[in-house]
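A.B. asks: For reference, the chains in residue letters:
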Amino acid sequence: MSSQFTPVDVSTARHRGRPGQWIATVAVGALAFSIAWTFVTNPTVEWPVVAQYLFFPAILQGLWVTIVLTIGAMAIGIVLGIVLAAARLSNDRLMRGVADFFVWFFRGTPTLVQLIFWYNIAIFIPRVEIGLPGMEPIFSESTNDLIYPLVAALLGLGLNEAAYMCEVIRGGLLSVANGQKEAAQSLGLSSRSTFLKITLPQAMRAIIPPTGNQVIIMLKGTSLVSVMAVADLFYSAQGIYVTTGKVIPLLIVASIWYLAMTSVLYFLQSRLEKRFGRGFNRRVVGRTKSQPKTAKPAPVTALSEGDHP
Amino acid sequence: MTALPLLRAHEVRKSFGHSLVLDSVSLDVARGEVVVLIGPSGAGKSTLLRTLNQLETIDGGSIYLDGELLGYEEHKGRLIHRSEKDTLRQRRRFGMVFQAFNLFPHMTALQNVSYAPTQVRGIKPAAAKAAALALLDQVGLADRAHHYPSELSGGQQQRVAIARSLAMEPDILLFDEPTSALDPELVDDVLQVMRALSLQGQTMIVVTHEMGFARDVADRVVFMTEGAIREIGTPAEIFQDNTNPRLKSFLGSVGTTV
Chain A
1 MSSQFTPVDV STARHRGRPG QWIATVAVGA LAFSIAWTFV TNPTVEWPVV
51 AQYLFFPAIL QGLWVTIVLT IGAMAIGIVL GIVLAAARLS NDRLMRGVAD
101 FFVWFFRGTP TLVQLIFWYN IAIFIPRVEI GLPGMEPIFS ESTNDLIYPL
151 VAALLGLGLN EAAYMCEVIR GGLLSVANGQ KEAAQSLGLS SRSTFLKITL
201 PQAMRAIIPP TGNQVIIMLK GTSLVSVMAV ADLFYSAQGI YVTTGKVIPL
251 LIVASIWYLA MTSVLYFLQS RLEKRFGRGF NRRVVGRTKS QPKTAKPAPV
301 TALSEGDHP
Chain B
1 MTALPLLRAH EVRKSFGHSL VLDSVSLDVA RGEVVVLIGP SGAGKSTLLR
51 TLNQLETIDG GSIYLDGELL GYEEHKGRLI HRSEKDTLRQ RRRFGMVFQA
101 FNLFPHMTAL QNVSYAPTQV RGIKPAAAKA AALALLDQVG LADRAHHYPS
151 ELSGGQQQRV AIARSLAMEP DILLFDEPTS ALDPELVDDV LQVMRALSLQ
201 GQTMIVVTHE MGFARDVADR VVFMTEGAIR EIGTPAEIFQ DNTNPRLKSF
251 LGSVGTTV
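Here the protein sequences line up with chains A and B, keeping their order.
Once you know that position 125 of the first sequence is 125 in my numbering, the rest is easy, because the numbers rise by one and skip nothing.
Once you know that position 168 of the second sequence is 168 in my numbering, the rest is easy, because the numbers rise by one and skip nothing.
Simulated from the structure, these hints should not be mistaken for lab results.
Everything numeric in this text was worked out from a predicted model, so none of it was measured.
For each residue, glycine too, the CB sits at the ideal point set by N, CA and C.
Certain hints may be false.
[Said to hold, decoys possible] Here are the computed lysine to any residue pairs in the SDA-like style, where the Cα-Cα straight-line distance is at most 20 Å: (1) A/LYS181 with A/ARG278; (2) A/LYS197 with B/LEU88; (3) A/LYS274 with A/TYR258; (4) A/LYS181 with B/ALA100.
[Said to hold, decoys possible] Negatives, chain B to chain A, calculated, CB over 12 Å: (5) PRO5; (6) SER19; (7) ARG31; (8) TYR64; (9) ASP66; (10) GLU84; (11) PHE98; (12) HIS106; (13) LYS129; (14) HIS209; (15) GLY212; (16) ARG215; (17) THR234.
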């Protein structure tokens, strides 16, 4: 037995080699190459046509409609979702009942059916009038003038979204410890301030990731409005390929734009997550002074500065 | 005529479902007094504390602060619940320090302390900030003002929580086992802050298992079991001259020798 013992330094260690890793790499690479090759060489793709239509006015117009619909419907969904979530968690039976019914109804029927219903609302209610029975209405308008297709699309997508956002937000609110509410109440904060400034900001951490998901679903889901002849990105692409027959190139054009938009959303989401993670993700905090860990003088009358985390 | 106590709890009753947690509890607290509640867990100490600032409603009896009935008011000869605004005004006169600190994690220490004064007392942000810094200094944490709670130790968090309560200038400060969640070496820092407050004449009601603190700081010690007050007395009466067998056995169980 050797009496000599030299300890090694593990900082130079390398990962254990994994046999088969390189085979998998080659296989995945080959597959990726063949898919790419198909797209590049397939005559139906017609890359020049893709390039030609990528910034085509009708496509850009459709892109804009898709963005407006997504932002508008999500805004309706989030604001109404917050109200519904607060209502579902409240002690008021009436508010809870109304919110429960809303969520039950709008989650329980297909989005497409809701959209077509809003589109055809004039059949159901020809005129919108506000006033008291037996008196001249204060407000009267033909429903078709009031709810034109874009409004119908916004209402349909927004109200449907509110039902889902309600559940996302409610889950987030439930994740906040009850002690937070009690602490706020003890300080005399109103239930409104407590909700808006204490509970909701903390719930945001749990709300943002699924909301990001909802926005992406919404972005793509807006393509449903093509049934209402609202010229969104997909409807515009469709319109072009129906007349020109360039189906694959225009589907690729639409896909490129959808991917570009979801990439932006992905970036925005990570920024928001950082923002609302404040106080939860430990920062590296510079000590105010570098204090050598020597015995500190114990203050007797003064309150001690004491412990470090 | 005797002077009205600052706080009067009169035959307060409270049940959770079928279990009676407060069984006709009466307690008077004078201004400037430090009252320490002791007793085994489940005795109703925390519940009593929480009924005072109306985190829990009471099922019967009544509580008065400065002669004003808490939570209810007379209306056409009947008692009705007070409005939210009124309840908030009453609640504000109590400060509450929790076992689990309950600092707002998304706010720095300074924001934790200054937020409620700006929102509730209508103090200008600059003035509230200055006052908050002074309070953080008072609890020995001036240099931690811009840290988030997650960056502070338990003892530091609890001291921020005390500063947060003080910022509302409460008539009565309630402590619900303020040191029970702390590592042993951090307990003294918090107790020192509480001692300093008692010397300043702050009225306090403290639920704690720190018998040393009760003995040194309390004006009166209240011993509770099973939702009822069994003994009230000076620390000497409770810790030395007691004859109550339940009190004796409780003090024995928490390691306090008589």
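A.B. asks: Each of the hints needs a verdict: does it hold here or not?
C.D. replies: Okay, the hints, checked on the actual structure:
1. A/LYS181 with A/ARG278: 19 Å, holds
2. A/LYS197 with B/LEU88: 17 Å, holds
3. A/LYS274 with A/TYR258: 25 Å, violated
4. A/LYS181 with B/ALA100: With Cα atoms ~13 Å apart, A/LYS181 and B/ALA100 stay inside 20 Å; holds.
5. PRO5: 22 Å, holds
6. SER19: 20 Å, holds
7. ARG31: For B/ARG31, whose nearest Cβ neighbour in chain A is about 20 Å away, the distance exceeds 12 Å, so it holds.
8. TYR64: Non-interface label on B/TYR64 holds, nearest chain A Cβ at 19 Å vs cutoff 12 Å.
9. ASP66: 16 Å, holds
10. GLU84: 7 Å, violated
11. PHE98: 6 Å, violated
12. HIS106: 5 Å, violated
13. LYS129: 16 Å, holds
14. HIS209: With a cut-off of 12 Å, B/HIS209 remains clear of chain A, as the shortest Cβ separation is near 20 Å.
15. GLY212: 16 Å, holds
16. ARG215: Check passes; 19 Å lies beyond 12 Å.
17. THR234: It holds; B/THR234 is separated from chain A by about 25 Å at its closest Cβ, greater than 12 Å.
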